[in-house]
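Just need the whole structure built from these sequences, with the hints factored in.
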Amino acid sequence: MAPDQPMEVAWGSGCERALVFVSGMRASGAAILIFGTLIRAIVFDFDGLILDTEEPVYRSWLEVYQAHGEELPFERWVSIVGSTTTGFHPQYHLEERLGRPLPKEVLDHRIGRRTEMILANAVLPGVVQHLDSAREMGLKLGVASSSTADWVRGHLARLGILDRFECLRCRDDVAHAKPEPDLYLAVLECLGVAASEAIAIEDSPHGVAAAKRAGLRCVAVPNSITARLDLTEADVTLSSLADVTLQQLLEKFETA
Numbered sequence: 001m002a003p004d005q006p007m008e009v010a011w012g013s014g015c016e017r018a019l020v021f022v023s024g025m026r027a028s029g030a031a032i033l034i035f036g037t038l039i040r041a042i043v044f045d046f047d048g049l050i051l052d053t054e055e056p057v058y059r060s061w062l063e064v065y066q067a068h069g070e071e072l073p074f075e076r077w078v079s080i081v082g083s084t085t086t087g088f089h090p091q092y093h094l095e096e097r098l099g100r101p102l103p104k105e106v107l108d109h110r111i112g113r114r115t116e117m118i119l120a121n122a123v124l125p126g127v128v129q130h131l132d133s134a135r136e137m138g139l140k141l142g143v144a145s146s147s148t149a150d151w152v153r154g155h156l157a158r159l160g161i162l163d164r165f166e167c168l169r170c171r172d173d174v175a176h177a178k179p180e181p182d183l184y185l186a187v188l189e190c191l192g193v194a195a196s197e198a199i200a201i202e203d204s205p206h207g208v209a210a211a212k213r214a215g216l217r218c219v220a221v222p223n224s225i226t227a228r229l230d231l232t233e234a235d236v237t238l239s240s241l242a243d244v245t246l247q248q249l250l251e252k253f254e255t256a
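Residue 1 is where the sequence shown starts when you use my numbering, and the numbers rise one by one after that.
The set of hints was computed from the structure by calculation and includes no laboratory data. Don't be surprised by glycine CBs; every beta carbon is placed ideally from N, CA and C. Check each hint, because a few of them may be wrong.
Cβ-Cβ distance ranges computed for the label pairs, FRET-style [claimed, not checked]:
| id | residue 1 | residue 2 | range |
| --- | --- | --- | --- |
| 1 | A242 | G192 | 22 to 32 Å |
| 2 | T115 | E95 | 37 to 47 Å |
| 3 | R59 | Q248 | 24 to 34 Å |
| 4 | Y92 | G192 | 32 to 42 Å |
| 5 | E96 | H176 | 45 to 55 Å |
| 6 | P101 | G192 | 46 to 56 Å |
| 7 | L62 | D163 | 32 to 42 Å |
| 8 | G138 | T115 | 33 to 43 Å |
| 9 | H89 | S133 | 32 to 42 Å |
Rendered as structure tokens:
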């Protein structure tokens with residue numbers, strides 16, 4: 001067989017020539033053939049998908065609101081999940097409600113509580129297994145995050161998985177965060193793959209919208225915050241990455 005020529009084989013019971021590992025000799029590396037389409041990369045969101053930072057951030061602000069006798073409107077909060085605080089900022093909203101600025105010690109305590117809760121969390125279930133499987137298949141891995149590069153790199157390094165990713169693109173790197181497609185387009189350029197050759201894994205409507213606008217197929221894996229939101233724009237939805245192997249996940253795109 002010539003280099004880069006796909007080899008079609010059966011994969012699993014009842015699956016007719018569905019998923020194929022292709023050993024590539026070019027710089028683009030290996031690929032997975034899914035029903036006639038080569039997949040060369042998987043791009044992960046970070047917050048709420050690799051590490052549950054979203055629940056701690058929400059809980060830390062909820063504690064501040066409750067201490068001041070105010071309610072944190074959940075519908076306003078979820079409008080910024082997976083994006084930035086451009087549309088709603090919990091600090092400014094509370095200060096407006098109170099008619100005065102929050103003391104520095106309150107803000108510092110909130111950050112401390114957020115950090116304490118985040119550091120108590122491990123990588124979310126199924127993530128490491130999928131990273132291992134992707135590496136075994138020779139797929140490229142990237143991260144597209146609306147958070148800052150320092151935030152994402154710092155946590156990935158602390159968790160011991162920073163070196164798994166060939167490319168990270170964060171809100172520092174683009175003009176517009178999610179739901180705009182800029183982050184995904186930047187990751188695709190960095191990895192050297194086309195949108196049709198990549199799959200995104202997201203946890204929020206903003207993230208799913210960004211991936212789809214960039215032309216990627218998208219898997220939605222909601223967390224405790226985003227489970228109540230509309231993720232129907234995703235091609236595939238899972239309750240947890242631990243529910244399927246990477247091979248099974250890729251096979252789901254047959255009917256997506």
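Going down the list of hints, with the structure as the test:
Between A242 and G192 the C-beta distance comes to about 30 Å, which sits within the given range of 22 to 32 Å. Separated by about 22 Å at the C-beta atoms, T115 and E95 break the suggested range of 37 to 47 Å. Between R59 and Q248, the C-beta spacing of about 33 Å keeps the proposed range 24 to 34 Å intact. For Y92 paired with G192, a C-beta distance near 41 Å keeps the hint of 32 to 42 Å intact.
At about 26 Å, the beta-carbon gap between E96 and H176 misses the expected band of 45 to 55 Å. Taking 46 to 56 Å as the suggested C-beta distance range, the pair P101 and G192 conforms, at roughly 48 Å. Judged by the Cβ atoms, the range 32 to 42 Å given for L62 and D163 holds: they are separated by roughly 35 Å. Range check, G138 to T115: about 36 Å between beta-carbon atoms, so the 33 to 43 Å window is met.
The hinted range of 32 to 42 Å is satisfied by H89 and S133, whose Cβ atoms lie roughly 39 Å apart.
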